[in-house]
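Undergrad: Here's the letter readout for the chains.
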Amino acid sequence: MDSAMPLVKPAGLAAAPSKKAGAAWRMRRWAPYLFIAPFFVLFIVFGVFPLLFSIWLSLHQWDPAAGLGAMRWVGLENYVFAATDPWFHKSLYNTLWFALVSGVPQHFVALPLAYFIHRHLKRSRNAVVAAYFVPYITSSVAIALIFSTLFSKDYGVINAVLGPWMSEPIDWLGDAAYTKPAVAFVVFWRFLGWNLVLYLSALQVIDHELYEAATLDGAGSWQQFRFITLPLLKPMIFFAVTLTIIGNLQLFEEPFILVDPEKGVSQSVMTSAIFMYRLAFSDGDFGTASAVSWLLFLIIAALTWGNSKLFGRTGGQHASS
Amino acid sequence: MFSKATAFTLALVLSHAAWAEKTTLTVATFPDLDRAAKAAAESFQKQYPQVELKIVSLQYADHHTAMTTALATGSGLPDVMAVDFRFIGKFAESGGLEDLNAAPFNAQALRNQFVKYTFAQATGSKGNLAAMPADIGPGTLLYRKDIADKAGVTEAELTKSWESYIEAGKKIKAKTGAYLLADAADIRDIVLRTGLKDGEGLYFDAQGKVLVDNPRFVRAFELGRAARQAGLDAKVSPWTNDWAAGFKQGRIASQMMGAWLTGHLKNWLAPDTKGLWRSAVLPSGQAGSYGGSFYAIPKKAAHKPEAWDFIRFMTTNKATQLNSLKVLDTFPALIEAQNDPVMDEPLAFLGGQPARQLWREIAAQVPATPVTKYDAMATDVIRDEFEKVVAEGKAIPAALADARSLIERRARR
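Going down the list, the sequences are from chains A and B.
Numbered per this note's numbering, the first sequence finishes at 321, counting up by one with no gaps.
Numbered per this note's numbering, the second sequence finishes at 413, counting up by one with no gaps.
The hints are simulated quantities; they were obtained by calculation from the structure and are not laboratory data.
It is possible that part of the hints are untrue.
[As the list claims (entries may be wrong)] A few chain B residues that don't get close to chain A, going by computed Cβ distances all over 12 Å: (1) S43; (2) A70; (3) E167; (4) R193; (5) A206; (6) D213; (7) A245; (8) A287; (9) H303; (10) P367; (11) A368.
[Stated by the list, open to error] For the chain B half of the interface with chain A, some residues (derived, Cβ under 8 Å), not all of them: (12) T73; (13) G74; (14) K90; (15) F91; (16) K235; (17) S237; (18) T240; (19) A244; (20) D380; (21) L406; (22) E408.
[As the list claims (entries may be wrong)] According to the in silico footprint, chain A covers these stretches of chain B (three or more CB under 8 Å from chain A): (23) 92 to 99; (24) 270 to 278.
Every residue, glycine too, gets a C-beta built ideally from N, C-alpha and C.
Sequences are here, hints too, so could you generate the full structure?
TA: Here is the structure:
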């Protein structure tokens with residue numbers, strides 16, 4: 001409150017003394033709201049409104065090119081349509097496939113790797129962590145473009161390296177048998193560094209005395225990892241896995257850019273987010289697309305809840321101890 | 001968006017100012033089409049000195065997304081909207097564009113000046129004409145003469161029938177190692193247009209009945225599968241790096257596409273292959289068209305008379321149409337422009353072939369196929385089922401039956 005005073009005083013200088021006091025008082029009363037208004041205005045315009053509008057939209061049939069007047073109330077029909085649609089089922093399958101195949105290895109590799117870096121690297125540590133983290137902060141479009149060059153069937157580096165062991169080049173991004181693993185690998189590679197940093201930061205707050213005590217008791221490296229590190233990391237594992245679930249279920253850019261959406265084979269990597277995009281921007285069916293986004297939200301919420309049931313309880317105990 | 005908003009404010013302010021002030025006409029377009037408008041700007045300005053042209057160009061996808069949003073909300077609309085062929089069906093149904101058949105435009109009177117199929121493409125289901133055609137893409141088979149010669153394949157073999165085209169491809173593959181075409185789907189896309197009559201839709205008939213399991217589609221799928229099974233396609237899709245590299249390195253012997261592909265090959269895809277290409281009719285002599293561009297006036301446009309002046313200047317003015325041909329290599333939709341002597345010029349990139357004469361003939365034969373707003377969706381479905389047929393060995397009747405039920409499901413309203 002005090003900080004508002006200097007701002008008010010010069011403004012009121014010209015006014016009569018009695019008025020000046022009143023104006024200053026009013027300013028003082030409203031200034032805080034004015035100062036926090038930008039956030040709320042932006043949040044309402046870009047956060048709350050689209051959210052509420054998409055609920056409203058999901059209950060309508062609407063081709064946006066026809067203007068707002070063309071919205072027609074259809075109730076839950078969009079939800080029924082989406083939930084029974086074969087392409088939606090396929091997109092859910094693809095999404096879950098990616099979540100598992102690119103998500104699970106992220107943690108199985110990141111955790112031991114973080115442990116290794118934490119215990120064994122001293123001077124080079126920051127450089128190594130930075131190297132692993134670079135993919136995470138690189139533009140996903142740039143990554144996808146680089147990898148589509150690497151994966152190219154006739155001119156790609158990957159096939160050039162594998163060449164001697166292959167009877168014919170693999171069409172990584174054009175053959176439905178390979179598109180999913182190729183995309184999953186890129187996603188894995190991209191988010192490994194992020195999880196590594198999460199685990200490393202959690203490892204650094206573990207009291208070093210615990211390890212010293214364990215060493216005195218004769219615990220080996222594996223036992224220390226198993227009985228000290230892992231239990232104490234549980235809250236972070238919960239957090240990291242939750243982020244992976246949310247991130248992977250919203251997967252869009254990598255499959256969208258790596259596998260040409262104009263090609264039939266792009267169906268093999270069509271995630272729910274891509275399906276939603278196609279409904280809206282290719283079919284012009286914004287109502288059903290909104291319904292799909294809310295179905296996706298429900299699925300993410302359910303999985304996050306399940307994850308908290310799995311990790312949350314034990315994680316909470318350690319956090320409070 | 002901001003600059004567009006500013007332009008509108010400016011336009012409003014100017015229109016309320018003194019009568020001598022200029023009107024600012026906003027034209028929303030996308031590359032490379034924007035080059036046509038920019039090239040025409042100077043002579044337009046001379047003829048209409050009271051109109052100030054403002055050409056706003058966004059990338060292809062951004063432009064059409066921005067226009068969809070503008071139509072949805074009714075704000076931020078330009079005076080003239082360029083629309084690509086792929087979006088014309090959706091936009092024509094939207095109701096947000098002026099019906100150019102109605103007064104004061106009365107574009108029906110201009111109908112006979114244009115290649116007939118263009119008006120069918122731009123006409124919505126209520127008979128409204130949503131846009132005027134600027135350029136067209138007569139379908140042609142561009143092939144590498146040197147590769148064909150090396151394999152001992154004649155142009156007649158390539159174009160006589162679809163079967164002979166595929167047979168020629170086998171010879172080319174065996175003798176030179178080059179692929180016949182980029183993607184087997186190219187065959188599918190053009191064969192499923194076989195034998196269409198004026199007014200007959202591609203995926204839907206006039207009553208909205210889904211047509212995708214009729215013989216056209218069966219044959220399209222069969223021929224596409226035959227090419228894939230014989231290993232004749234490079235399995236690369238258009239506008240990818242591999243596609244461009246295929247042309248540069250002479251690994252792809254032919255490509256069926258709009259005649260405008262010649263310009264792309266010449267300018268950036270494979271400039272070094274100059275003189276090696278020839279243009280022919282599509283196999284089995286079929287007439288088809290690929291793409292095309294249109295200009296429309298939004299109902300909420302601020303300066304409709306000036307917008308109509310500009311559109312007529314771009315589409316019905318022979319000099320402008322020929323100028324677009326020069327800067328863009330687009331093929332004019334205006335018949336008068338097609339009869340200009342420039343059409344008889346030999347094209348160096350095609351080894352001196354006067355190919356524009358051929359393209360003019362093809363354009364005249366293309367059936368007037370109506371476009372619906374569900375076409376993009378139906379194309380997606382067909383693509384997906386075709387992939388299952390060629391890659392996973394799904395039976396064609398089953399694939400087409402599935403395609404049919406998926407399309408019926410999505411076109412439910």
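Undergrad: None of the hints should be skipped; say for each whether it holds.
TA: Cross-check of the supplied hints:
1. S43: B/S43 is indeed farther than 12 Å from all Cβ atoms of chain A, at 32 Å.
2. A70: The claim is violated: B/A70 sits with its nearest Cβ about 9 Å from chain A, within 12 Å.
3. E167: Non-interface label stands for B/E167: nearest chain A Cβ at 23 Å, farther than 12 Å.
4. R193: Nearest chain A Cβ is 18 Å from B/R193, so the label holds.
5. A206: Given that every Cβ of chain A is farther than 12 Å from that of B/A206, nearest at about 21 Å, it holds.
6. D213: Its Cβ never comes within 12 Å of chain A, the nearest being 17 Å, so this holds.
7. A245: violated (6 Å)
8. A287: Since the minimum Cβ distance to chain A is about 24 Å, B/A287 lies beyond 12 Å and the statement holds.
9. H303: holds (20 Å)
10. P367: Non-interface label stands for B/P367: nearest chain A Cβ at 24 Å, farther than 12 Å.
11. A368: holds (23 Å)
12. T73: holds (7 Å)
13. G74: holds (6 Å)
14. K90: This hint holds: B/K90 lies near chain A, its Cβ roughly 6 Å from the closest one there, short of 8 Å.
15. F91: holds (6 Å)
16. K235: Holds - the Cβ of B/K235 comes within 8 Å of chain A, reaching about 5 Å at its closest.
17. S237: holds (5 Å)
18. T240: Result: holds, 6 Å to nearest chain A Cβ.
19. A244: Constraint on B/A244 not satisfied, violated at 10 Å.
20. D380: Holds: closest Cβ of chain A sits about 6 Å from B/D380, inside 8 Å.
21. L406: holds (7 Å)
22. E408: Cβ of B/E408 sits 13 Å from chain A, so the hint is violated.
23. 92 to 99: Coverage by chain A holds for the segment 92 to 99 of chain B (4 residues, Cβ < 8 Å).
24. 270 to 278: violated (count 0)
Comparing the model with each earlier hint shows violations of hints 2, 7, 19, 22 and 24; every other hint is respected.
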